[in-house]
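Visitor: Could you build all of it, start to finish, from the sequences and the hints given here?
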Amino acid sequence: MKMRDWLASQAQEIRRRNDRQRLQMLQCYLEAYEARESDPDRAYAAFTQGRQMAERLNDPWWVLFYRKEQVDALLHFKRDYRHVLDLAMQCAMEVRKPANARYPGRIGVWDSLIAAYLGIDAEGYAQPIQQALNYLESEVPPEPDGDRYLLLARKRIFAREREQLQEAYNVCMTEMNLGAADTDQERALHFATFTCCEMCLIAGAAQQWQTLGQWAAAAEERARHVGHQCELSEALAWRSVAALQARDVENARRCYRTATATADRLQMPPKQGYYEALALYHEMQGDVENALGVRDAELEALANHGRLLYECRVRIKRCVLLARLGRLQALVLNAARETAQKLAQPAKYLQQLDQLAAGAGR
Amino acid sequence: MTAKHRFSLYLPGLLKVLAEHLYSSKKVGVRELLQNAHDSCVRRKIEEGNPHYRPRIDLAVNPRRRTLTIRDNGCGLTADEIGNYLATIGKGYTGELRERLAFSSPDEASELIGQFGLGFLSAFLLAGEVTVVTRSYQGGPALRWHCSGDEHYEMGPAEGEVEIGTTVELLVKPAAAFVLQEQHLVETVRTYADLLPTPIYLDGDPQPLNVMTPPWEADDLEAAARAYAARASGGTEPLFVLPLRDGKVNLGHDTITVPLQGFLYVPTGSVVSVREYGDLTVYIRRMFICDRERDLLPPWARFVRGVIDCPVLQPTASREGLHQDDRFESVRQTLEDQLGRGLRDLARRDPERWKRLVQGHADLVVSWAVKDNEFFERVRDIVPFRTSRGPLTLPEYLKLSGGTFYYVTREMGSLQDQLLAEGRDVPAIDASWFAVTPFLGKYAARRRDIALVQLDGEAETLLRPAAEEPFANLIAYYRGRGVRAKVASFRPVGMPVLMLYPQGAETVREAGSALEAGGVPEGLAGLVGAYVDQRTSGPEDHRGTLYLNASCPLVRRLAEAAPDGERLVAVLTVLWQNARLFCGRTLTAADAARAFRELTQAIERLLQP
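Sequence lines, in order, name chains S and R.
Quick note: the first sequence uses our numbering, first residue 1, plus one each step.
Quick note: the second sequence uses our numbering, first residue 1001, plus one each step.
Any given hint might turn out to be false.
What the hints assert, rightly or not - Straight line, CA to CA, 25 Å or less: simulated DSS-like cross-link-like pairs of lysine-lysine:
{"hint": "1", "chain 1": "S", "residue 1": "K78", "chain 2": "R", "residue 2": "K1371"}
{"hint": "2", "chain 1": "R", "residue 1": "K1355", "chain 2": "R", "residue 2": "K1442"}
{"hint": "3", "chain 1": "R", "residue 1": "K1399", "chain 2": "R", "residue 2": "K1355"}
{"hint": "4", "chain 1": "S", "residue 1": "K78", "chain 2": "R", "residue 2": "K1442"}
{"hint": "5", "chain 1": "S", "residue 1": "K271", "chain 2": "R", "residue 2": "K1371"}
{"hint": "6", "chain 1": "S", "residue 1": "K78", "chain 2": "S", "residue 2": "K271"}
{"hint": "7", "chain 1": "S", "residue 1": "K78", "chain 2": "S", "residue 2": "K348"}
{"hint": "8", "chain 1": "R", "residue 1": "K1026", "chain 2": "R", "residue 2": "K1173"}
{"hint": "9", "chain 1": "S", "residue 1": "K2", "chain 2": "S", "residue 2": "K97"}
What the hints assert, rightly or not - Sample of chain S residues with no beta-carbon within 12 Å of chain R, all distances over it, derived:
{"hint": "10", "residue": "L7"}
{"hint": "11", "residue": "R16"}
{"hint": "12", "residue": "A35"}
{"hint": "13", "residue": "W61"}
{"hint": "14", "residue": "K97"}
{"hint": "15", "residue": "G326"}
To be verified - Residues on chain R that point at chain S, a partial pick, calculated with CB under 10 Å:
{"hint": "16", "residue": "T1507"}
{"hint": "17", "residue": "E1522"}
{"hint": "18", "residue": "L1524"}
{"hint": "19", "residue": "G1526"}
{"hint": "20", "residue": "A1530"}
{"hint": "21", "residue": "R1535"}
{"hint": "22", "residue": "T1536"}
{"hint": "23", "residue": "A1592"}
{"hint": "24", "residue": "A1595"}
{"hint": "25", "residue": "L1606"}
{"hint": "26", "residue": "P1609"}
Don't read these hints as lab results, they were simulated from the structure.
Glycine residues also receive a C-beta, built at the ideal position from the N, C-alpha and C atoms.
Guide: In structure tokens:
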């Protein structure tokens, strides 16, 4: 049975029996999902409350379900990776027990564990992540389904985190093809929103401006359709870059304003693509100061949240901008080094920092 | 070459959709017909200008004939008006009249409710056949209109003596039979039309069914609001009532007035739940719209309830909800302004009541205060927290703890965690509610002399270093058994040993065991292995550390005992197993079996002469 079918059948049965306690427990999920962008803390609390209710009701699959949702809230809503591994591993240990052999969310549990490592240090854990992805590839049916979409998303992020943009692009195209073949178009649109945002990131990095404009428009359309505000802000940020490149300055400014206003209304931290687009927007205009401001905001949102590789890269980007402004100081370099040292394979980044330090010293 | 075409309508289909699917409940049909009757009375009052006119609506039920009759002595309809309005979907006289009166007589305009010209269709929610007999105050013959729910209707002169006004007779469908039961009909009228200013009578009863006067128009608003809130809260008096008034909203380029009546109130307490909402009951021109509107109050005001009447709110076509448009936003802002001002005023004017309010809704208040600095300042010293010694405010807590917050983030933590805190003669704060830890952090950030100690996972901060040498024999015994043992000084002194594990230790242990036993799929073993390696490569020992209390008289006595005495070994075993049992860690069946086996053996040894 698929997770979605299990949830639907559970909800139907709970409603049919008018089981008030379980109805309340079910409500926690809806409450959490509703609050995920506007108030991720509350979303996490709602999942926690759902788990506590499930524990009181002695319903192990629901306990596991809510614990896994807690993991996902940390990963995707709060983007706080500090303690997520323990919780993700708890779920992983639980799901392998014989009593949970038929638990329909089994793949999702492993997916969350992979997502946690991807967000912490995808380069450092590349080998076990690759093995885990290979394993899931053999477990997940090829047809359109939530698990297949998630697996492709992990592959795509894995490729991007290792700076293999062509591979990331290929996975994106596979995702889009999967969506086109999906009979559930709402689900396809939901996942396509993330894929389109990723396409923007890839096109932006490759400086393929026309393609960027097309993917940004596609991302915006899908984000509006499914109501994902965080992705909408990201898509609009990319649209501002594409418009600026096309010398449509007024439109670029409008998109930029709408992007930042949309993101500011949310408490869910924006994703990497959002900051990447905003920084690029300023850099394209030679406005290093404001690009630095974007990186400062990005660092503030992610520093000390356990996202080691991402934090290290942002710190280095800040160092580069500060160097361009002639303001790179040892304190900033040392903070970046300290972050790099936490990585499993820090050499590449330490070398970049050394080069920056040498440049600044000249 | 393109050409312009006109949509064609399939009337029976449209009628079915509008009549049967526009509304979520058949009860709404009663509301719509009552509202039409009321509007008709208002129109007559406005247009006829007769000072002796007394509007009324009469309901009559005939269960035998299965009819519900709604009669008003309003303006009635002419033949033209029947054609133009009653029989034209989407066109209503009331909406047009309101627009005409909007500038010349806004007070009268505000009494009118109808808007869309759809309401009459809802008669077919309740009835298979509808007969209307009407005579206009403007003169002309009395008319009879009849429709069986399809696209055709009949119209002709009405027979007999007909007074000015309109009578709608419904031949009720079996599915809507509830309206033929007096109790259900009365409940429906009171739900939807209790506040309508036109009296509604049932079967000739001289007492109207509806109260007509909303509480916010009572002479003593405060008392009426309190009575309303007490009824809504199951008989308990609200802690705070805030009457609402028209508000001004600054749009930047302009300022608009938002007409607003009603009141907000705060019940005595709220359930600890993230699912608590600030619910509003919403009326538009005294006609009930909904009773669980959750987006009009600001997100932080989940402990607030209220009832409002606001004519600028735009109902949906079914009038069971509200459009979230610019006007909705203006009303939301007005409510937020007035509520914020009202609460600030309460805090200043009546600190005791304010304190009760904060204490009654502590969890919700804490989560709001984390996000709002001004509010944080107002509540930080009066909001109570659950502690191992019952509810305490932070100043009360700090007096006991000497300037440190000791808290547990797991629900109530382990017994050992609490005991450690109590050992320092301080209670432990229960920080399992998601907003408590950030609240404590925010509080501590404002006062540099306050320290924060999370007991679960960081309990070592409560231990004081102590020399190992006097306890060397005990340490050696435990280390000999593969137990990581240390000496420290901690309170309570009656607690001889404790076992501390770093966070996640249990999961690390389980993951390690699973790997060893081959219980993880091969492709995933790499990730699990990485987790175990990373967690066990640091300075923390995930097998746990046993701390011997250097301040404990029993431990001191044991340290002086013969190092290899059998009794000593038995006592040390009992102490170790006790520590494992109290440390708040889940024991596996194997752990428990081992603990009981060792304890039994130790006790047997101690019992030997």
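Visitor: None of the hints should be skipped; say for each whether it holds.
Guide: Results for each hint:
Between the alpha carbons of S:K78 and R:K1371 the distance comes to roughly 15 Å, so the proposed pair stays at or under 25 Å and holds. For the suggested pair R:K1355 and R:K1442, the alpha carbons sit about 20 Å apart, so the restraint of at most 25 Å is met. The hinted pair formed by R:K1399 and R:K1355 meets the criterion: a straight-line CA distance of about 19 Å does not exceed 25 Å. Of the pairs offered as hints, the one joining S:K78 and R:K1442 holds, with about 19 Å between alpha carbons and a cut-off of 25 Å not exceeded.
For the hint linking S:K271 to R:K1371, the alpha-carbon distance of about 22 Å falls within 25 Å, and the restraint holds. The hinted pair formed by S:K78 and S:K271 meets the criterion: a straight-line CA distance of about 11 Å does not exceed 25 Å. With a CA separation close to 29 Å, the supplied pair S:K78 and S:K348 exceeds the 25 Å bound. Only pairs whose Cα atoms come within 25 Å are accepted, and R:K1026 paired with R:K1173 is accepted, the gap being roughly 11 Å.
Proposed proximity of S:K2 and S:K97 is supported: the alpha carbons are some 19 Å apart, at most 25 Å. Even its closest Cβ contact with chain R, about 19 Å, leaves S:L7 beyond 12 Å, as expected for a residue assigned away from the interface. Interface exclusion of S:R16 from chain R stands, the closest Cβ pair being 20 Å apart, more than 12 Å. The non-interface label for S:A35 is inconsistent with chain R: the shortest C-beta to C-beta separation is roughly 8 Å, within 12 Å.
Its beta-carbon lying about 19 Å from the closest one in chain R, S:W61 satisfies the requirement of being farther than 12 Å from that chain. A cut-off of 12 Å between C-beta atoms contradicts the statement that S:K97 is not in contact with chain R; the least separation is 9 Å. Every CB of chain R lies more than 12 Å from the CB of S:G326, the least distance being 34 Å, so the non-interface label holds. Against a cut-off of 10 Å between C-beta atoms, the interface hint on R:T1507 holds, since the closest Cβ of chain S lies about 5 Å away.
Hint on R:E1522 holds. Least Cβ distance to chain S is approximately 7 Å, under the 10 Å limit. Interface hint at R:L1524: satisfied, since its Cβ lies 5 Å from the closest Cβ of chain S, which is below the 10 Å cut-off. Satisfaction of the interface hint for R:G1526 is found here, the shortest Cβ-Cβ separation to chain S being roughly 3 Å, below the 10 Å cut-off. Because the smallest distance between the Cβ of R:A1530 and any Cβ of chain S comes to about 5 Å, under 10 Å, the interface hint for this residue holds.
Because the closest C-beta pair between R:R1535 and chain S is about 8 Å apart, less than 10 Å, the hint holds. With a least beta-carbon distance of about 13 Å to chain S, the hint placing R:T1536 at the interface is violated under the 10 Å criterion. Annotation: R:A1592 was flagged as interfacial toward chain S, and the flag is violated, the nearest CB pair being 18 Å apart, outside 10 Å. Hint status for R:A1595: violated, given a least beta-carbon distance of 22 Å to chain S, over 10 Å.
Taking 10 Å as the C-beta cut-off, the interface hint given for R:L1606 is violated, the closest approach to chain S being about 38 Å. With a cut of 10 Å, the hint placing R:P1609 at the interface with chain S is violated, because the nearest CB-to-CB distance is about 47 Å.
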